[in-house]
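Engineer: Turn these sequences into a full structure, and let the hints steer you where they fit.
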Amino acid sequence: MIRSSACQQQADQFPALSGRHGDRRSYTISWDTIRPIRPRGALDSWNDEVLTILRKPASREVYWIAAAKGARKPEFTGYHPGVILRPPASMSPMDGAVVFVPLTSEPPREIELGLPLPPYCRQLSENPGPDKERTVWAICDKVMTAGICRLERYVDFSRGGLHLVPKVLQKDFEAILEGVASAIVPLRSFIENRVGERHAAEMAALALEHERRIALVEDEILERLTAPGNRSRAVDGHVGAR
1 MIRSSACQQQ
11 ADQFPALSGR
21 HGDRRSYTIS
31 WDTIRPIRPR
41 GALDSWNDEV
51 LTILRKPASR
61 EVYWIAAAKG
71 ARKPEFTGYH
81 PGVILRPPAS
91 MSPMDGAVVF
101 VPLTSEPPRE
111 IELGLPLPPY
121 CRQLSENPGP
131 DKERTVWAIC
141 DKVMTAGICR
151 LERYVDFSRG
161 GLHLVPKVLQ
171 KDFEAILEGV
181 ASAIVPLRSF
191 IENRVGERHA
201 AEMAALALEH
211 ERRIALVEDE
221 ILERLTAPGN
231 RSRAVDGHVG
241 AR
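For the sequence shown, this note's numbering assigns the number 1 to the initial residue and increments by one for each residue that follows.
Derived from the structure by calculation, the hints contain no laboratory data. Just so you know, even glycine gets a beta-carbon here, dropped at the ideal spot from N, CA and C. A couple of the hints might just be wrong.
[Said to hold, decoys possible] Computed list of lysine-lysine pairs in DSSO-like fashion (alpha-carbon distance at most 30 Å, straight line):
(1) Lys73 / Lys142
(2) Lys132 / Lys73
(3) Lys56 / Lys142
(4) Lys167 / Lys56
(5) Lys132 / Lys142
(6) Lys167 / Lys142
(7) Lys132 / Lys167
(8) Lys142 / Lys69
(9) Lys73 / Lys167
[Stated by the list, open to error] Derived DEER-like restraints, expressed as beta-carbon distance ranges:
(10) Gln170 / Glu220: 47 to 53 Å
(11) Ala204 / Met94: 46 to 52 Å
(12) His199 / Ile221: 32 to 38 Å
(13) Pro186 / Lys73: 23 to 29 Å
(14) Leu51 / Phe157: 19 to 25 Å
(15) Glu174 / Met203: 21 to 27 Å
Structural biologist: The structure is reproduced here in structure tokens:
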């Protein structure tokens with residue numbers, strides 16, 4: 001019997017089904033009944049092809065999100081928590097998609113080496129999920145898009161399997177946005193240049209307004225000094241404030 005490549009992979013992953021090394025016994029198995037390997041982080045009931053969330057996700061919310069099929073390292077694989085940056089335009093499985101940044105509880109390599117974290121890796125001040133004791137980091141240089149069928153709600157087993165959709169704290173969300181800008185250098189440069197241009201324009205406008213007010217005060221003082229009958233009247237130094 002000629003096995004397909006998929007069947008051969010299943011046999012490699014389950015050697016007990018294909019006989020031990022040196023064992024000449026043959027086994028009759030149904031390859032269609034072998035249960036597929038569950039993706040990392042997934043629950044048995046999760047299916048990335050079925051819409052299970054009940055409402056449109058919002059920014060700052062956190063979901064478990066399945067990686068795209070065929071993803072390989074250094075891409076994220078399996079399921080990971082993800083912070084929503086941009087909500088979907090609709091709840092249609094055909095065109096509803098979110099933009100998110102993944103979270104991980106696996107310490108970055110810099111932590112193990114005692115080095116400072118890169119600016120695009122941000123440790124959250126609080127784990128948004130039920131396990132508050134576990135530290136999580138946002139990997140802000142991995143901005144990704146996912147269809148809404150790939151999103152799953154958290155399950156709190158300490159509360160009877162309650163489904164919930166947590167949010168990151170506002171200060172953590174702002175740190176994530178800063179991390180995204182740090183990771184995408186052209187975006188960071190654009191923001192810095194635009195902020196610099198806006199600041200320069202505001203300062204120029206303030207300078208013009210200051211000059212305009214000084215000119216008005218000078219004109220008012222001159223008018224009062226030269227008005228008929230006011231030649232002997234002392235000029236108040238605060239004329240412009242009246």
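Engineer: Broken hints, numbered, in rising order?
Structural biologist: Violated hints: none at all, because every hint is consistent with the structure.
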